[in-house]
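Peer 1: So the sequence lines, in the order shown, correspond to chains A and B. Residue numbering for the first sequence follows the numbering used here, beginning at 1 and increasing consecutively. Residue numbering for the second sequence follows the numbering used here, beginning at 1 and increasing consecutively.
It is possible that some hints are incorrect.
To be verified - What follows is a set of in silico ranges between Cβ atoms, one per label pair, in the way DEER data are often shown: (1) A:313 x B:67: 41 to 47 Å; (2) B:44 x A:41: 54 to 60 Å; (3) B:291 x A:236: 47 to 53 Å; (4) B:749 x A:251: 33 to 39 Å; (5) A:187 x B:44: 55 to 61 Å; (6) B:29 x A:187: 32 to 38 Å.
Said to hold, decoys possible - Here are the simulated DSS-like pairs of lysine-lysine, each with C-alpha atoms no more than 27 Å apart in a straight line: (7) B:147 x B:745; (8) B:203 x B:178; (9) B:36 x A:39; (10) B:91 x B:30; (11) A:315 x B:445; (12) B:36 x A:315; (13) A:280 x B:745; (14) B:445 x A:280; (15) B:668 x B:745; (16) B:642 x B:512; (17) A:10 x A:58; (18) B:445 x B:138; (19) B:512 x B:36; (20) B:745 x B:178; (21) B:206 x B:231; (22) B:36 x B:374; (23) B:178 x B:88; (24) A:39 x B:72; (25) A:39 x A:26; (26) B:91 x B:16; (27) B:133 x A:39; (28) B:72 x A:280; (29) B:178 x B:91; (30) B:668 x B:138.
Simulated from the structure, these hints should not be mistaken for laboratory data. Predicted model, so just to flag it, every value in this text is computed and none were measured. Even for Gly, the Cβ is constructed at its ideal location relative to N, Cα and C.
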Amino acid sequence: MRPFTFERAKTPADAAAAAARHPDAKFIAGGTNLLDLMKLQIETPAHLIDVNGLGLEKIEATQEGGLRIGALVRNADLAAHHRVRRDYGVLSRALVAGASGQLRNMATTAGNLLQRTRCPYFYDTNQPCNKRLPGSGCGAIGGFSRPHAVIGVSDACIATHPSDMAVAMRVLDATVETINPDGSARKIPIAKLHCLPGDTPHIETVLMPGELITGVTLPKPVGGKHIYHKVRDRSSFAFALVSVAAIVQPDGTGRVALGGVAPKPWRVEEAEAELPRGAKVFTARLLAGARPTPENAFKLRLVERIVASVLAEAKGAQV
Amino acid sequence: MKFDTPAKTNPIDQLKVVGKPVDRIDGPLKTTGTAKYAYEHHDVAPDTAYGYVIGSAIAKGRITSINLNEAKAAPGVLAIVTADNAGKLGKGELNTAKLLGGPEIQHYHQAIGVVVAETFEQARAAAQLVQVKYERAKGSFDLAAAKDSGIKPKPGFGGPPDTSVGNFAGAFASAPVKFEATYTTPDQSHCMMEPHASIAVWKGDKLTVWTSNQMIAWGVRDMAKTLGIPKENVRFISPYIGGGFGGKLFLRADVLLAALGARAAKRPVKVALQRALMMNNTTHRAATIQRIRLGATKEGKLTAIAHESWSGDLPDGGPETAVSQTRQLYAGANRMTAMRLAVLDLTEANAMRAPGEASGMMALEIAMDEMAEKLGLDPIEFRILNDTQVVPDNPAKPPSSDPQSKAPEEKHNPHPPFSQRQLTECFRTGAKRFGWNKRNPTPGKTRDGHWLIGIGVAAAFRNNLVTKSAARVRLDNRGIVTVETDMTDIGTGSYTIIAQTAAEMMGVPLDKVVVRLGDSSFPVSCGSGGQWGGNNSTAGVYAACMKLREAIAQKAGFNASDATFTDGQVRSGNRTITLAEAAGDKGLVAEDFIEYGDLDKQFQQSTFGAHFVEVGVNAATGETRLRRMLAVCAAGRILNPKMARSQVIGAMTMGAGAALMEGLVVDKRHGFFVNHDLATYEVPVHADIPHLEAIFLDETDPTSSPMKAKGVAELGICGVAAAVANAIYNATGIRVRDYPITLDKLLDKLPEMV
Ligand SMILES: Cc1cc2nc3c(=O)[nH]c(=O)nc-3n(C[C@H](O)[C@H](O)[C@H](O)COP(=O)(O)OP(=O)(O)OC[C@H]3O[C@@H](n4cnc5c(N)ncnc54)[C@H](O)[C@@H]3O)c2cc1C
Ligand code: SF4
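Start from the sequences and build out the full structure, keeping to the hints where you can.
Peer 2: Here is the structure:
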């Protein structure tokens with residue numbers, strides 16, 4: 001771990017401004033991802049800005065009937081919130097499917113969105129990794145790639161975005177709110193937050209240096225049946241091989257986003273028109289252009305089967 | 001005490017304390033966090049500095065340069081030790097690769113240095129500043145590719161590499177029903193909770209190490225050898241061990257580097273291996289490729305059995321002895337086994353819980369299930385039909401399994417009887433208890449909602465090993481009995497069963513017994529390994545207590561043979577004195593050891609069991625979830641049913657991991673285990689494990705020791721994974737022959753989704 005200086009910001013604007021003063025700065029929220037990466041010398045910030053005291057831990061109703069979730073709301077609190085459980089069940093379920101109770105008590109909304117990949121080559125500083133060390137090559141391509149992405153990948157990187165929460169937020173059409181060092185705010189649709197790797201897998205989001213996430217808003221509830229189906233190699237405390245976040249309406253229409261298959265939560269709105277035609281047709285559209293490795297090609301079939309079972313579950317619930 | 005005739009009735013048979021499910025005597029220390037583990041002896045050396053180990057970034061080749069300048073200048077750094085300045089180092093008898101590598105590199109994450117600093121964080125930060133340049137050499141990392149270059153390994157713990165009885169080839173060719181399949185098991189990591197950790201303190205040329213080690217005497221010997229100093233100058237202290245599973249049988253880099261770091265920094269130094277080094281720096285269970293061929297009559301009598309296994313290790317390493325149980329488990333007149341060992345430049349392969357049998361049973365017990373199906377027989381009846389009371393294939397062994405025994409060599413018996421063998425009873429008891437008769441023998445036919453339900457069974461089998469073990473027993477003027485032995489408690493319950501043994505022998509309640517373990521200044525015990533710890537260490541305590549009883553009787557003027565020890569008193573005729581009185585102010589001390597004659601050659605001492613498993617396989621996703629598990633064990637006298645149950649259900653959990661998720665992934669290009677942390681090397685979590693039941697059949701084995709006990713802790717893992725695999729087959733009709741059985745191996749063959 002590289003030695004670093006530390007400050008505690010008081011307001012969101014302060015935090016963003018502080019980040020601008022220190023080009024090598026990072027925000028620290030729950031620290032459950034950042035600290036691990038610092039210990040392994042994968043993240044090497046020279047300055048940490050603690051954002052825990054910014055007053056961003058509130059969950060409030062919006063005028064539009066939606067919900068505004070502060071960036072510092074803990075995953076555990078968000079999952080347990082009565083409005084989330086009632087109106088955004090997919091989000092609550094995705095959250096509790098992630099990590100462990102202890103981690104969810106620390107992990108924050110913004111931190112979760114910005115957590116980094118779990119690619120084992122990214123984690124081993126002896127290995128090549130374009131995301132960690134641009135230009136060094138990709139260890140996973142041609143190596144161990146079973147957990148990796150099958151779509152949205154590039155020749156430079158095939159890592160997944162590991163979040164469960166973000167997948168549910170994607171299916172809910174969430175908007176990420178930020179503040180910049182110059183004090184200006186912006187709203188980023190979650191679909192646009194994360195980047196595909198292309199030739200620059202080290203650039204993971206559209207956030208500018210010093211840009212602080214202040215919250216996430218959810219539009220007003222859309223009803224329907226909310227399902228989060230996470231498939232992994234053990235029953236708990238593991239990242240998704242594949243996860244499916246779905247909201248299915250009584251008429252069979254709906255929305256589906258995937259986790260564990262792409263460098264970002266994967267959703268193709270145009271494909272959703274095919275949902276009433278069943279899992280096979282829909283999945284074929286959703287995953288068109290997939291580029292799996294021999295080790296992770298099973299994910300394509302797994303997606304189709306989970307989607308089929310999710311649709312069956314949704315139907316079952318309507319009778 | 002020499003144990004060379006079967007045990008008769010002895011004080012242990014009173015079973016006033018032994019055999020009772022008493023709680024761990026060290027339980028309160030552990031549950032309150034006050035039992036001190038290796039890294040936590042803050043009191044012994046308040047000025048301890050911290051060492052951080054640097055692991056090699058390549059698997060094979062040479063270091064061409066190391067630049068320490070930046071690291072040396074980093075804050076807090078006290079010393080950096082590499083092969084360049086460590087002085088001449090030897091290698092422990094039980095180490096395959098060097099514990100401090102360089103310039104030659106033998107495997108990935110081989111330690112190439114240690115940075116010592118005032119704080120852990122400083123040591124780690126400085127270690128990350130060390131710049132190493134390497135020259136890579138081509139290595140061999142792929143077992144399947146290297147398999148055919150495998151050679152016959154030297155005979156070792158698992159017996160000779162090849163055995164043959166009758167004429168396998170002929171019998172197999174002419175067998176009316178034949179079966180053949182190849183199975184694979186992956187490399188596995190022990191992944192105990194507590195990493196390897198040590199604090200080293202030098203006083204002059206004397207070294208004391210607080211460490212976490214299963215085999216104190218081996219550790220001391222190999223440490224002395226590695227440093228080139230007399231054994232007498234090395235002391236190991238290892239009172240509590242946060243799991244070992246075989247990963248802490250040997251001297252490892254933490255001990256050596258703490259000692260070298262302490263010498264260089266002229267300060268006590270502590271070193272814990274970081275988690276990543278657990279997989280690639282220490283030992284692991286080797287992957288195997290196993291080929292099994294079975295021939296039988298139409299009625300299901302096995303006539304031909306062949307089991308071949310291939311594994312890999314560094315040059316001069318040893319094989320995973322996966323065929324050993326096949327020499328003993330089922331009858332059959334014509335048979336062969338063979339082990340071949342290829343060179344692999346991965347970290348060294350060595351013992352992990354039930355080495356040999358754990359992997360071998362994973363294959364053999366699927367094969368038995370497959371053959372039963374082919375024969376149209378119930379898998380339990382098929383196994384019972386081929387049960388045997390004598391060893392079918394007993395190759396001539398090296399003179400004695402006790403390395404210290406000087407017993408003259410006996411004539412070799414190719415088919416010795418088992419001292420006890422209740423395999424059939426295990427199956428019958430388990431079948432009844434588990435509701436085996438409710439199992440639908442046709443696979444894929446039982447459903448519970450979207451779960452495909454299946455039940456599977458497998459035999460459990462593991463040999464019992466006897467080996468010399470010593471103890472010292474003291475009695476003081478308060479009537480307190482103190483036992484001292486270098487035996488270790490790796491979570492198994494050694495403290496407790498040793499206390500029970502001493503209490504029984506001396507006729508005192510448990511709270512009058514103090515047990516002190518894991519210190520090389522105590523008499524040398526068997527140590528913890530090979531499921532031999534329980535029986536041998538308590539037998540050593542028995543021997544020492546016998547001597548103490550004699551000393552007490554003599555002091556009291558009693559005839560030792562008719563003195564009785566109860567209620568803290570010793571009686572003879574109508575005379576009684578308390579133990580406290582007998583001890584007097586000076587106290588009494590006795591030391592003895594148990595050593596063995598050739599009863600383990602006259603009789604094959606083994607432990608048996610049957611595993612029953614019910615699984616649900618998600619019809620959509622192929623995820624397997626365990627629903628119920630039962631183990632029935634016949635393993636000699638159970639010294640403490642609570643401890644034994646803990647061991648068996650722990651082993652069942654580990655077996656479940658082996659079946660469903662555990663496996664080190666080899667990067668065959670760069671030569672290392674990629675999943676080197678606990679996030680990516682998955683072991684079961686609570687949610688994976690259903691209700692577990694473990695039953696012990698009544699058994700005492702008078703040939704094993706005066707305790708009449710055998711081992712249970714490894715028996716519990718042997719066969720579990722195959723029972724799970726067989727249950728998955730019963731649930732789905734899909735046979736997976738390469739472990740772990742992850743969902744991707746089932747997905748394509750599951751029923752179509754609508
Ligand atoms: C063992 C383990 C298992 C896990 N399992 C799962 C799982 O199954 N599913 C899952 O989804 N996740 C899992 N996680 C990941 C976990 O969800 C994340 O670590 C957590 O959500 C990160 O939140 P944090 O507040 O701790 O972030 P931090 O570690 O504090 O920060 C993460 C990143 O976000 C940045 N950041 C934080 N706050 C802001 C802000 N307001 N504005 C801009 N940038 C910010 C930081 O600079 C940093 O780069 C697991 C983690 C661990 C350690
Ligand atoms: S997949 Fe991406 S994160 Fe993984 S090694 Fe390749 S570049 Fe690095």
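Peer 1: Quick one, are residue 203 (chain B) and residue 178 (chain B) close enough, alpha carbons at most 27 Å?
Peer 2: Given that 27 Å is the threshold and the Cα spacing comes to 67 Å, the pair is violated.
Peer 1: Against the 27 Å threshold, does the CA-CA distance of residue 91 (chain B) and residue 30 (chain B) hold or violate the hint?
Peer 2: Violated, because 35 Å separates the two Cα atoms, which is more than 27 Å.
Peer 1: Would you check the hint for residue 445 (chain B) and residue 280 (chain A), treating anything up to 27 Å between C-alpha atoms as holding?
Peer 2: 26 Å, holds
Peer 1: When you check the alpha-carbon spacing of residue 280 (chain A) and residue 745 (chain B), does it fall within 27 Å?
Peer 2: 21 Å, holds
Peer 1: Range hint 55 to 61 Å: satisfied by the CB atoms of residue 187 (chain A) and residue 44 (chain B)?
Peer 2: For residue 187 (chain A) and residue 44 (chain B) the Cβ distance comes to about 59 Å; the hint holds.
Peer 1: Would you check the hint for residue 315 (chain A) and residue 445 (chain B), treating anything up to 27 Å between C-alpha atoms as holding?
Peer 2: Roughly 25 Å separates the two Cα atoms, so the pair holds.
Peer 1: Holds or violated: are the alpha carbons of residue 445 (chain B) and residue 138 (chain B) at most 27 Å from each other?
Peer 2: Violated, at roughly 51 Å.
Peer 1: Range hint 47 to 53 Å: satisfied by the CB atoms of residue 291 (chain B) and residue 236 (chain A)?
Peer 2: 36 Å, violated
Peer 1: Next pair to validate is residue 668 (chain B) with residue 745 (chain B); report whether the Cα-Cα distance is within 27 Å.
Peer 2: 21 Å, holds
Peer 1: Given a hint of 33 to 39 Å, does the C-beta separation of residue 749 (chain B) and residue 251 (chain A) actually sit inside it?
Peer 2: 34 Å, holds
Peer 1: Tell me if the straight-line CA distance from residue 206 (chain B) to residue 231 (chain B) falls inside 27 Å.
Peer 2: 10 Å, holds
Peer 1: Assess, step by step, whether the Cα of residue 36 (chain B) is no farther than 27 Å from the Cα of residue 315 (chain A), and give holds or violated.
Peer 2: 57 Å, violated
Going down the numbered hints, you'll see the structure goes against 1, 2, 3, 6, 8, 10, 12, 18, 22, 23, 26, 28, 29, while the others check out.
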